[in-house]
Amino acid sequence: MLFLVNILRLPFRYDSLTTAPGPAMFGTESSLSMFLNTLTPKFYVALTGTSSLISGLILIFEWWYFRKYGTSFIEQVSVSHLRPLLGGVDNSTPTNTNTSNGDADSNRQSVSECKVWRNPLNLFRGAEYNRYTWVTGREPLTYYDMNLSAQDHQTFFTCDSDHLRPADAIMQKAWRERNPQARISAAHEALELEDCATAYILLAEEEATTIVEAEKLFKQALKAGEGCYRRSQQLQHHGSQYEAQHRRDTNVLVYIKRRLAMCSRKLGRTREAVKMMRDLMKEFPLLSMFNIHENLLESLLELQNYADVQAVLAKYDDISLPKSATICYTAALLKARAVSDKFSPEAASRRGLSTAEMNAVEAIHRAVEFNPHVPKYLLEMKSLILPPEHILKRGDSEAIAYAFFHLQHWKRVEGALNLLHCTWEGTFRMIPYPLEKGHLFYPYPICTETADRELLPTVFHEVSVYPKKELPFFILFTAGLCSFTAMLALLTHQFPELMGVFAKAFLSTLFAPLNFIMEKVESILPSSLWHQLTRI
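Quick note on my numbering: the sequence shown kicks off at 1297 and runs consecutively.
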């Protein structure tokens, strides 16, 4: 307090600053010495006090930032922002003359660390993806996504014994072709030799322009595939070569039946599609890698057969099985359906949440923790695009694939989207550090953004990133303050007299209330006491 009293009683010398001839007075050594000699000890005391005040503010802010984000603000800024600007390079990273190739290799490596799954509800290239391209002129699939599909086709539809059958040998080369027309021509060439199931698959996927045409080709593929499957089934125990051939024929048959069920679903024959999917799951219970249960869940939701949906979830929503957005959000939808039609945020805030409402909110929080990108698509806060052929679980690609097919089911349940809108953001308060620690699942993977940028067409789609990388407010505030100070310094250098007048007027206005208070204090306190206080 006494220090403040001394500062306020110190006279402000504006005249010497405003009447200076300009910046040139500081150019000589004598002028600098004269300026330094005019500084009193009180000025240095005030300078020290100001420095202490600023240091204290920085200390308080650092403590608050560490308590909230778990890291030092100054260290984070130094490592993340200042070091790249100053050209800092990690010593453990070897130098490479070909920088672009090195960046590409590192991106590919980070993508490979993330498990990419075949989209269970992927569309047909010829009947759906290509039609979109014809209408909009945009490519809905990325090269990386199509390359993964080519690898899947070679894995599921080829084997080492393909050279024994001429048609299969041609199709083995066809799956490796990058040009779509070359693949289609090879499929026709294979069909000229014999009925080849994989050739029909390729034509149904890429040449058929409607779902009806694709279904006809898949039915022809089914006849050829069943014959190959029966023959290879009888010979599967005669050696490793026959066993591999039988495994290939099994994959082909399962793929055909599943796509036929999807054709029935797209053509409105949903009950027929459900029956085909159930029969397929009973016939091949061990082939869970195709995730046929997710197709079944979507079809049952279309029929509004919620009891059967709950039965499927009871089997596949198990702690020992891998989760997906379809599993988590469908479970949340079923629990929200029980309370959403009567749910009101105002009523819930007054009386509290009931047990059923609490279960629904917890299910929504569980789903949002697994994939936080889905709610923005369900609430139509972000525009949808065609889903890719491959998805990354917990990533933006999986969120698009789920919302593309399930948004209609959420809209059909009255109040479900309202309940989701009121509760989904509460998940993030439960997980303040999602990259370090999860609540019900493992910490959120860091590699999702890189993999999603490879899977999604970033030309016309903005990839959703979680957690959102935003600069803290203090960085923006400090940047604005520094810019404002630099502008004042530049104006003072160019127009010293005018800026001196402005500064004098501003400071006079700023300290007018303080001067008024000091005058009142001087009039109340005895002069001897005031004299003793100022001498301390």
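Keep in mind that the hints were calculated from the coordinates and are not lab data.
Watch out, some of these pointers could steer you wrong.
[What the hints assert, rightly or not] Now the in silico label distances, taken between C-beta atoms and shown as ranges: (1) P1728 to L1531: 56 to 64 Å; (2) G1734 to D1614: 42 to 50 Å; (3) K1411 to K1733: 36 to 44 Å; (4) K1578 to S1640: 40 to 48 Å; (5) V1817 to H1735: 55 to 63 Å.
Note that the Cβ used here is the ideal one computed from N, Cα and C, for glycine as well.
Each hint tested on the structure:
1. P1728 to L1531: 56 to 64 Å: holds, 59 Å
2. G1734 to D1614: 42 to 50 Å: For G1734 and D1614 the Cβ distance comes to about 18 Å; the hint is violated.
3. K1411 to K1733: 36 to 44 Å: Violated, at about 21 Å.
4. K1578 to S1640: 40 to 48 Å: The hint (40 to 48 Å, Cβ to Cβ) holds, given that K1578 and S1640 are roughly 44 Å apart.
5. V1817 to H1735: 55 to 63 Å: holds, 57 Å
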